[in-house]
Amino acid sequence: MSIAPSRTATVELPEAATRSEDYLWTLNFGPQHPATHTTLRLVLKLEGERVVDAMPEMGYLHSGFEKIGEHLTYNQYVTVTDRMNYISPMANNVAWHHAVEVLLGIELTPRCKVIRTIIAELARISDHLLCNGAVGLDTGAFTFFLYGFYQREVIYDIFETLCGARFTNSYTRVGGLSQDMTPLVVEKIRTFVKTFPKTLEDMERLLTRNRIFVDRTKGVGVLTKEEAIDRGATGPVARASGVTRDLRKDEPYLAYADYDFQVCCATAGDCYARYLVRMQEMRESLRIVAQALENIPAGPVDVGIDQRTAKPDKKQVYSTIEGTISHFELAMSNRGFEVPCEETYAAIEAPNGELGFYLVGDGNETAYRARCRPPSVLHFAMFPQLIRGHTLSDVVAVLGSLNIIAAELDR
Amino acid sequence: MPFIPPPVDDVLAEVNGRFGPLESSLFRGQTRLIVPEARAFEVLEFLKEIGFDLLVDVSCVDYLEYRDPPMQCPSASGHRYGLVYLLAATATNQRLTIRVFVDDPDPTVASVVPLWKAANWLEREVWDLFGIRFTGHPDLRRLVMPEEFTAHPLRKDYPLQGRGERHNFPVITRDRS
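From first to last, the protein sequence lines are chains H and W.
Going by my numbering, the first sequence opens with residue 1, and the numbers climb by one from there.
Going by my numbering, the second sequence opens with residue 1, and the numbers climb by one from there.
The following block holds chain H by itself, in its conformation from the complex (with noise of 0.2 Å):
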C-alpha cells in the first residue's frame, strides 16, 4: 500500500470549499494486498478515514479466456473454466458444459444430472465457506477462518477420490462426466454430510453473534433492491437486498426440481445481511446434497453412443463396431460431434451468482464464441457505491462481502 499525499499549501486559497477538497488523499489499494486476496485495485479518495470515492480497476489477471475459447474444443475448455472462479472449479465446470449441452440439444442420463447436482453444491459450500471466513479474517476473526479452511478441506478431499483432482478438477465431458461416482466417495460425501452442520453450528456460534463483527459489517455496505437490480446483481449478493431470483428454483436446471430447498433472502441488504445468506445457503445446499446423495440413480453417466458427443467407455469400445467408430471419430479433428450454427446463453446459479455463457457454434469442435457472463464484474463494479461514506476499514469487509474473485473478473 503506498500513499500519495495530494494536499497542497493551502495559503493561496481563500474558500473553504476548495480548502475541503485540499484535505482530500487519495489512497492506492492493491493490486498486491492481502486484503484484496487476490489481483485487484482500488484507487481510494479519502477524507481523514472516511472515504469519498473509489475508482476500482481490474485487468490485472487478464489472460484472455474468451479468446482462448475460440481456439479449445467444447471439452478442452473445460480445463480453462477451472481456472475462472478457482474458488469453486466445479460450478463452472458444470455451468460450461450446461451451456455446451444447451446448445448441441442434449438430454443428460438422469445419473449424471444427480451427479452434477451433488458437486455444484458442494462447490457452493466451499465457496461460501471461504467468502465468509474470508470476511472474518479481514474484521479480525482468524479462528472462523480456520474452522471454514478445515471443512473446505474435505471438500477438497471428496473432489479428489472423485476425479483425481483437488483445485482444477476438469471433471465433467460434453453429455457426461470425466467418470462415474465410486461408492467410496459416496461414503465420503455422507460423512461430511453428517459432520458438516456440527462444524457450521460452531461457526455461527464464533461469529453471527460476535459484537466486533456485528458493529464492523451491519449497516455497512448497504444495497438496496432497486439498485441491485438496477446494477445486475446476482447470487447471494442480491439475495441479500431482497431480490428472490435464484436460477435454481426459477429456471431449474439438471435435477433441481426434485428437491426440497429454500432460496435464502434477506431485506438489510449489508455485509452482515450477505454473510447470513450465505451462511443459510450452505445448510440448504447440505439439504440438497444429502436427498440427492441417497437417490443417486443406477445407469450411464454419460449419454449414448447413439447421440455421439461423450466418449464410449473401453467395453463398447472393443466389444461393439458402434462403440469403436464412436470412439475413432471424436478422437479425429476433423469429426467430432456436430454442431449447429446457432447461438445459446445457458446460465446456471454458480456460487457467486449467475454465470453463464453465451455460445456461438459455426459447426466446428471449437466455438465461435464463448463469451462467459461472470457475475463477480458486475459486483465489483458497484463497489464505489457501497463504499461510498464508510471508513477505509470497511473497504475489506465490502470487499470480502462481495466475493471478488479477480480471475473470474478478468478471465
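Hints are computed from structural coordinates only; laboratory data are not their basis.
Predicted model only: the values in this text are computed from it and were never measured.
Certain hints may be false.
Here are the simulated distance ranges between beta carbons [to be verified]: (1) T173/W / S63/H: 24 to 30 Å; (2) A165/H / Q72/W: 50 to 56 Å; (3) Q307/H / L12/W: 31 to 37 Å; (4) K156/W / M332/H: 22 to 28 Å; (5) T92/W / N295/H: 27 to 33 Å; (6) T195/H / E45/W: 51 to 57 Å; (7) L206/H / K156/W: 50 to 56 Å; (8) Y86/H / S77/W: 35 to 41 Å; (9) P114/W / E49/H: 31 to 37 Å; (10) M55/H / Y158/W: 25 to 31 Å; (11) E65/W / R287/H: 43 to 49 Å; (12) T135/W / A331/H: 45 to 51 Å; (13) T92/W / P34/H: 41 to 47 Å; (14) D157/H / D104/W: 49 to 55 Å.
Backbone N, C-alpha and C define an ideal beta-carbon position, used for all residues, glycine too.
For chain H, the structure is supplied; the task is to place chain W on it using the hints.
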C-alpha cells in the same frame, strides 16, 4: 431440454405493434429479436418499461469469418458485429435476447447506461475487446486491457498468438518507478 423458458410471444407482439415488424427467431426456447441500430435504445427502453428490469449481459460477436447467416436470420447476414443484450424479467422469469448489428468503419451504438447502471462496465468491456463505440457512455475507457493498448483483441482479425504488442508498452526505468 428439461427446462423451457417462459414464452415471450406477448412481449414480441407488443414490441412489434409499437416498433413495426422486427425479425425474431427461436432456438431451444430462447427468443432473439433483431433490432436496427438506430432504434436499439428506444426498444430497450420500452422493454425495460414493460418488465425486463434485469440486464444480464452485454457482449458482442464478430461475424467476420462466419459463413451462415447468424441465427438463421436473413436480415442478420452481411453485418460484421452483432451486439448481444441479454434481458431478464425478475417478476416473470422471461428472458429475451436483443441483437443489434453494426458495421465498420465506425461501429457505434447508443449506450444503455441511462437505463441500467449494470451496462457501464459491460459496455466498457465490449469497447475494449471489440472497439464498438457507445455514444452517451459516461466513462468509455478500456476495462481489461492496459490503456496503452491499441488493438481490440477479440476481433476475429486479431490472431491468438504472434502479434507482438509488448513493444508498445512504455518501459519504466528503476529511477522513474
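Going down the list of hints, with the structure as the test:
no.	hint	in the structure
1	T173/W / S63/H: 24 to 30 Å	27 Å, holds
2	A165/H / Q72/W: 50 to 56 Å	40 Å, violated
3	Q307/H / L12/W: 31 to 37 Å	32 Å, holds
4	K156/W / M332/H: 22 to 28 Å	25 Å, holds
5	T92/W / N295/H: 27 to 33 Å	31 Å, holds
6	T195/H / E45/W: 51 to 57 Å	53 Å, holds
7	L206/H / K156/W: 50 to 56 Å	53 Å, holds
8	Y86/H / S77/W: 35 to 41 Å	40 Å, holds
9	P114/W / E49/H: 31 to 37 Å	34 Å, holds
10	M55/H / Y158/W: 25 to 31 Å	28 Å, holds
11	E65/W / R287/H: 43 to 49 Å	48 Å, holds
12	T135/W / A331/H: 45 to 51 Å	49 Å, holds
13	T92/W / P34/H: 41 to 47 Å	44 Å, holds
14	D157/H / D104/W: 49 to 55 Å	53 Å, holds
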